[in-house]
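S.K.: Kindly generate the complete structure, drawing on both the sequences and the hints.
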Amino acid sequence: MNSILRPVVGGVVLVLLVTGSALAHHSFAMFDHTRTLTLKGAVTKFQWTNPHAYIELDVTDAKGAVTHYSIECTSINMMQRAGWRSNMIKSGDKVKAIVAPLINGEPAGLLLELTLPDGKVLEPGVPGANTYKRTPEQE
Amino acid sequence: MRAVGFAVVTAFALSLLPLHAAAQTRGASTIPDITGSWERYGARGGAGAQRDATMPPPAPQPPLKPEYLKEWQTKLQAAREADAKGTPLATNATLCLPEGMPAMMGATFPMEILQSRGQVTVIEEAFTQVRRIFLDQPQKAIEDVEPGFYGYSVGRWEGDTLVVDTVGIKESVRYQNVPHSDKVRIKERIHLVAGNILWDEITIEDPLTLEKPWAFTFAYRRNPDYKLLEYICEDNREYADEGGLQKIRIGPR
Numbered sequence: 001m002n003s004i005l006r007p008v009v010g011g012v013v014l015v016l017l018v019t020g021s022a023l024a025h026h027s028f029a030m031f032d033h034t035r036t037l038t039l040k041g042a043v044t045k046f047q048w049t050n051p052h053a054y055i056e057l058d059v060t061d062a063k064g065a066v067t068h069y070s071i072e073c074t075s076i077n078m079m080q081r082a083g084w085r086s087n088m089i090k091s092g093d094k095v096k097a098i099v100a101p102l103i104n105g106e107p108a109g110l111l112l113e114l115t116l117p118d119g120k121v122l123e124p125g126v127p128g129a130n131t132y133k134r135t136p137e138q139e
Numbered sequence: 140m141r142a143v144g145f146a147v148v149t150a151f152a153l154s155l156l157p158l159h160a161a162a163q164t165r166g167a168s169t170i171p172d173i174t175g176s177w178e179r180y181g182a183r184g185g186a187g188a189q190r191d192a193t194m195p196p197p198a199p200q201p202p203l204k205p206e207y208l209k210e211w212q213t214k215l216q217a218a219r220e221a222d223a224k225g226t227p228l229a230t231n232a233t234l235c236l237p238e239g240m241p242a243m244m245g246a247t248f249p250m251e252i253l254q255s256r257g258q259v260t261v262i263e264e265a266f267t268q269v270r271r272i273f274l275d276q277p278q279k280a281i282e283d284v285e286p287g288f289y290g291y292s293v294g295r296w297e298g299d300t301l302v303v304d305t306v307g308i309k310e311s312v313r314y315q316n317v318p319h320s321d322k323v324r325i326k327e328r329i330h331l332v333a334g335n336i337l338w339d340e341i342t343i344e345d346p347l348t349l350e351k352p353w354a355f356t357f358a359y360r361r362n363p364d365y366k367l368l369e370y371i372c373e374d375n376r377e378y379a380d381e382g383g384l385q386k387i388r389i390g391p392r
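Protein sequences, first through last, are from chains A and B. If you count by our numbering, then the first sequence holds residues 1 to 139, one letter each, in order. If you count by our numbering, then the second sequence holds residues 140 to 392, one letter each, in order.
Since the hints were made in silico from the structure, they are not lab data. Hints may contain errors.
Stated by the list, open to error - For the chain B half of the interface with chain A, some residues (derived, Cβ under 8 Å), not all of them:
no., residue
1, D222
2, G225
3, P227
4, C235
5, F248
6, I371
7, C372
8, E373
9, N375
10, Y378
11, E381
12, Q385
13, I387
14, G390
15, P391
What the hints assert, rightly or not - Computed from the model, here is a short list of chain B residues facing chain A with C-beta under 7 Å:
no., residue
16, L368
17, Y370
18, D374
19, I389
Said to hold, decoys possible - When the alpha-carbon atoms are kept at most 16 Å apart in a straight line, the in silico EDC-like pairs for lysine to aspartate or glutamate are as follows:
no., chain 1, residue 1, chain 2, residue 2
20, B, K386, B, D222
21, B, K209, B, E350
22, B, K322, B, E285
23, A, K94, A, D58
24, A, K45, B, E350
25, B, K386, A, E106
All C-beta atoms, glycine included, are put in the ideal place defined by N, C-alpha and C.
M.R.: If you want it as structure tokens, here you go:
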């Protein structure tokens, strides 16, 4: 993790300890807790809004076919407290996103971890993020 | 992780400050200075090794009358089953509605208290919820208050405790989905239990739905450096479908 960011994220852990459970009224049950997708693609939009921010991502497969994913983040208030800023991601940026996919199979997911073009890793602070079973990345 | 260690030590040290350090004297009584930012503290009821006297006990189940208890438990079970199937039920949160009273005092996000002449104002960052507590004024009759999300609150300082009475909560505004009638009354005793730890002892009375008053406590830790952020529910992609299930719109508008 970037050394400049580390104290910021460290400070946020405390905030999440006291506020995370209070978000339980918002259900994340539509997302699969048993597997993750690792999506590498180009950002088409970073939507900085409440109640959630969204990353719109075009993912191109080996045959050149493009699938568009909508990736739900948390509240921009939580994200700001975790060190995120609205200008960190721009259209065209190549990013890697680890997401819990929608159970119904639609091309969307809940963001658990994002790697920016410069290698910086950010988490949006999903309550109970460590309870989502991670699927190893397929190369 | 050095920053976390420092924060913990600082928070602990601040919590040991004597009460009078944060108090102002007005006339014969001592009104504490509770103006500023607060964050929820001890939300897990102080379970386990970290338990100390400034952490409130866990909230008991609501003492609902049998018919309301059954309704509440049935809905709770339905919500659990829907979650297990990956098709959660829509809630007020799905619809981007503010929590209202008393849920907003649960401080999902940090909360700000402002003490001004004749009024204490509470602002909850999530959904920019605002409630006003009018000091030293008579409470209105319930039928004279239009039902709303925050109700009508009056309060008075009894020594170092702010005693608040609230009526006029809309029946659709529920804490933990517990049903209540238009006769519901929320009583609060807000006071410091340490220099930087505040308690809101809440008692809910409802002659129609509750066997006896339902009492629980929210605790907060002062966060003097925090400045509340704005919160506007600007683009809610989640919605309730015809069957009352929570759905999500894919893609931007």
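S.K.: Quick one: which hint numbers does this structure break? Sort them smallest to largest.
M.R.: 10, 11 and 24
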